[in-house]
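Trainee: What follows is each chain in one-letter form.
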Amino acid sequence: MWEKEIETVEEMEKLAAQIGGYLRPPDVLTLEGDLGAGKTTFTKALAKAIGITRTVSSPTFTIIKQYEGDFPFNHLDVYRLANSEEDLGWDELFYGDAISVVEWAQFIHEELPEHRLELVIHHTGPDSRRVECTPKGERFTRICEEIFT
Amino acid sequence: MDKNHYILGIETSCDETAASIVKNGTEIISSIVSSQIQQQKQFGGVVPEIASRLHVEQITLVIQEALNEAKLVPSDLEAVTVTEGPGLVGALLIGINAAKAFAFANQLPLIGVHHIAGHVYANQLIHEMEFPLLALIVSGGHTELVVMKSHGSFELIGETRDDAAGEAYDKVARVLGLPYPGGPQVDQLALASDESIDFPRAWLEKDSYDFSFSGLKSSVINYKHNIEQKGGKINHNHVAAGFQQSVVDVLTVKTVKAAKEYDVKQVIAAGGVAANQGLRKSLTTALEKEGIPFYVPPISLCTDNAAMIAAAGYEMWKSGVRSDLSMNGRPGMPLKSWNY
Numbered sequence: 028m029w030e031k032e033i034e035t036v037e038e039m040e041k042l043a044a045q046i047g048g049y050l051r052p053p054d055v056l057t058l059e060g061d062l063g064a065g066k067t068t069f070t071k072a073l074a075k076a077i078g079i080t081r082t083v084s085s086p087t088f089t090i091i092k093q094y095e096g097d098f099p100f101n102h103l104d105v106y107r108l109a110n111s112e113e114d115l116g117w118d119e120l121f122y123g124d125a126i127s128v129v130e131w132a133q134f135i136h137e138e139l140p141e142h143r144l145e146l147v148i149h150h151t152g153p154d155s156r157r158v159e160c161t162p163k164g165e166r167f168t169r170i171c172e173e174i175f176t
Numbered sequence: 004m005d006k007n008h009y010i011l012g013i014e015t016s017c018d019e020t021a022a023s024i025v026k027n028g029t030e031i032i033s034s035i036v037s038s039q040i041q042q043q044k045q046f047g048g049v050v051p052e053i054a055s056r057l058h059v060e061q062i063t064l065v066i067q068e069a070l071n072e073a074k075l076v077p078s079d080l081e082a083v084t085v086t087e088g089p090g091l092v093g094a095l096l097i098g099i100n101a102a103k104a105f106a107f108a109n110q111l112p113l114i115g116v117h118h119i120a121g122h123v124y125a126n127q128l129i130h131e132m133e134f135p136l137l138a139l140i141v142s143g144g145h146t147e148l149v150v151m152k153s154h155g156s157f158e159l160i161g162e163t164r165d166d167a168a169g170e171a172y173d174k175v176a177r178v179l180g181l182p183y184p185g186g187p188q189v190d191q192l193a194l195a196s197d198e199s200i201d202f203p204r205a206w207l208e209k210d211s212y213d214f215s216f217s218g219l220k221s222s223v224i225n226y227k228h229n230i231e232q233k234g235g236k237i238n239h240n241h242v243a244a245g246f247q248q249s250v251v252d253v254l255t256v257k258t259v260k261a262a263k264e265y266d267v268k269q270v271i272a273a274g275g276v277a278a279n280q281g282l283r284k285s286l287t288t289a290l291e292k293e294g295i296p297f298y299v300p301p302i303s304l305c306t307d308n309a310a311m312i313a314a315a316g317y318e319m320w321k322s323g324v325r326s327d328l329s330m331n332g333r334p335g336m337p338l339k340s341w342n343y
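Those protein sequences? They're chains D and U, same order as listed.
Position in the first sequence (from 1) plus 27 gives the number in my numbering.
Position in the second sequence (from 1) plus 3 gives the number in my numbering.
Keep in mind the hints are simulated off the structure, nothing from the lab.
Beta carbons are placed, not taken as given, at the ideal position from N, Cα and C, and that holds for glycine.
Just so you know, not all the hints are guaranteed correct.
[To be verified] Which residues of chain U face chain D? A partial, calculated answer using Cβ under 8 Å:
1) 52
2) 91
3) 143
4) 163
5) 166
6) 167
7) 225
8) 334
[To be verified] Straight line, CA to CA, 27 Å or less: simulated DSSO-like cross-link-like pairs of lysine-lysine:
9) 227/U / 31/D
10) 339/U / 75/D
11) 227/U / 75/D
12) 103/U / 339/U
Okay, chain D solo, but in the shape it has when bound (with noise of 0.2 Å):
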């Protein structure tokens, strides 16, 4: 796992549009963290990284919001799935050719693919906070080599 403080907003931005540049379609990242971490804001600099121009807003509504940009890109929001059985059709969405960030990934563990990148993202003050970044599988454990060493 690696870890790294983040004392603004635009150095968080930073980070996410740094993992964007290395993310090719079907990766999926999961965002977990409090209600107010930074996991839309965090998804905002990482979708434009990938070419997205449309406003990328919260997915928390309708669940999932699709773009296209450099690559097609699927931003999730699954915190209303807790404790629900629902198929939005994982494999598609998950294998196919879109680039994924799913926010409250825990609600859908089952769901996810055995390879993806995991950050959690933690409070620390009111601008700071803390990325904890766990790779799962050969080639996200060098894209975070390559990011945070």
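Please build the complex by placing chain U on the supplied structure of chain D, with the hints as guidance.
Mentor: Chain U alone, transformed into the frame defined by chain D:
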């Protein structure tokens, strides 16, 4: 004299199963809404899978009840209109499939309606829309300012860059530990409060009509953490009032500014958050001062209902818009004009 035109509307995009019959796009003949709020409360929000199941149980009953109450039979109808999106895909599909079956069985045209166009056209059920008009759409999934130059023409001039207004309400309610649905509860606490915490307002760039509520949500969370770290307890009423003031302020100021810039004949509010008392009061006062007529539907027409879908569907039907039986639920459907 022209014949009366009856349109059937069906709405199942989220947690209400609804059917309605509207006459000539302006008069509600029947409007049936079966709410799932009681059932969803125990889960702290809408659970999509449960929403779909409850829609299945209710949909045929609700449609039949809409016909019974209107004392009409399918052959009296001109068209079947249904919410095509945006919304929860599993929920949308129940209404769409019911509408397809009904349209096919009764040889009626089928028309897919955008949920937000429906919210806007809820206004047509209480007064005539006069163009150009400005619509402020505020709900759990949307915060948008739309200019309409004629029926069926929508120009998006501003939208949220992160959380929708209603979503911010629900998330702050979650932080305060209030039960679902959180928005109305925050509104009530705010109205009952004589004091309020000062939270920031996100105005964004000078000329922008976009909104941002995510920073406000974070401020509320930080405020709570700070007080609790010092061993104190936050006053829920004061927090709710401060939060509400910040949201309402931004919505009001941007709406009034846009109304003046686009020189509109009227401003209308639509969507679930338009039921918010604080927002209704603030917009009424501010627009009265500018001499711009302001309309907001009664609360029963602000929350999800099928009469609004039939009202919008009637205008689409008049313009010759038709869907076919391949219609699918579109969770991320963009609001597009059908007239230019």
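Trainee: All the hints need checking, so say for each whether the structure fits it.
Mentor: We went through each hint and held it up to the structure:
The restraint placing residue 52/U at the interface with chain D holds, with a minimum CB-CB distance near 4 Å, inside the 8 Å limit. Checking residue 91/U against chain D: minimum C-beta separation of about 7 Å stays under 8 Å; hint holds. Because the beta carbon of residue 143/U sits about 5 Å from the nearest beta carbon in chain D, less than 8 Å, this interface hint is met. For residue 163/U, the shortest C-beta to C-beta distance to chain D is roughly 5 Å, which falls under 8 Å, so the interface hint holds.
Contact between residue 166/U and chain D, as hinted, is supported at the beta carbon level, the nearest pair being about 5 Å apart and thus within 8 Å. Given the 8 Å rule on beta carbons, the hint for residue 167/U holds: about 6 Å separates it from the nearest Cβ of chain D. For the restraint placing residue 225/U at the interface with chain D, the shortest Cβ-Cβ distance is roughly 5 Å, inside the 8 Å limit, so the hint holds. With its C-beta approaching chain D no nearer than about 5 Å, residue 334/U sits inside the 8 Å limit, and its interface hint holds.
At most 27 Å may separate the alpha-carbon atoms for a hinted pair to count; residue 227/U and residue 31/D meet this at roughly 25 Å. A C-alpha spacing of about 24 Å is found between residue 339/U and residue 75/D, which places the hinted pair at or below 27 Å, so the restraint holds. For the given pair, residue 227/U sits about 32 Å from residue 75/D by alpha-carbon distance, which is inconsistent with the 27 Å threshold. Between the alpha carbons of residue 103/U and residue 339/U the distance comes to roughly 22 Å, so the proposed pair stays at or under 27 Å and holds.
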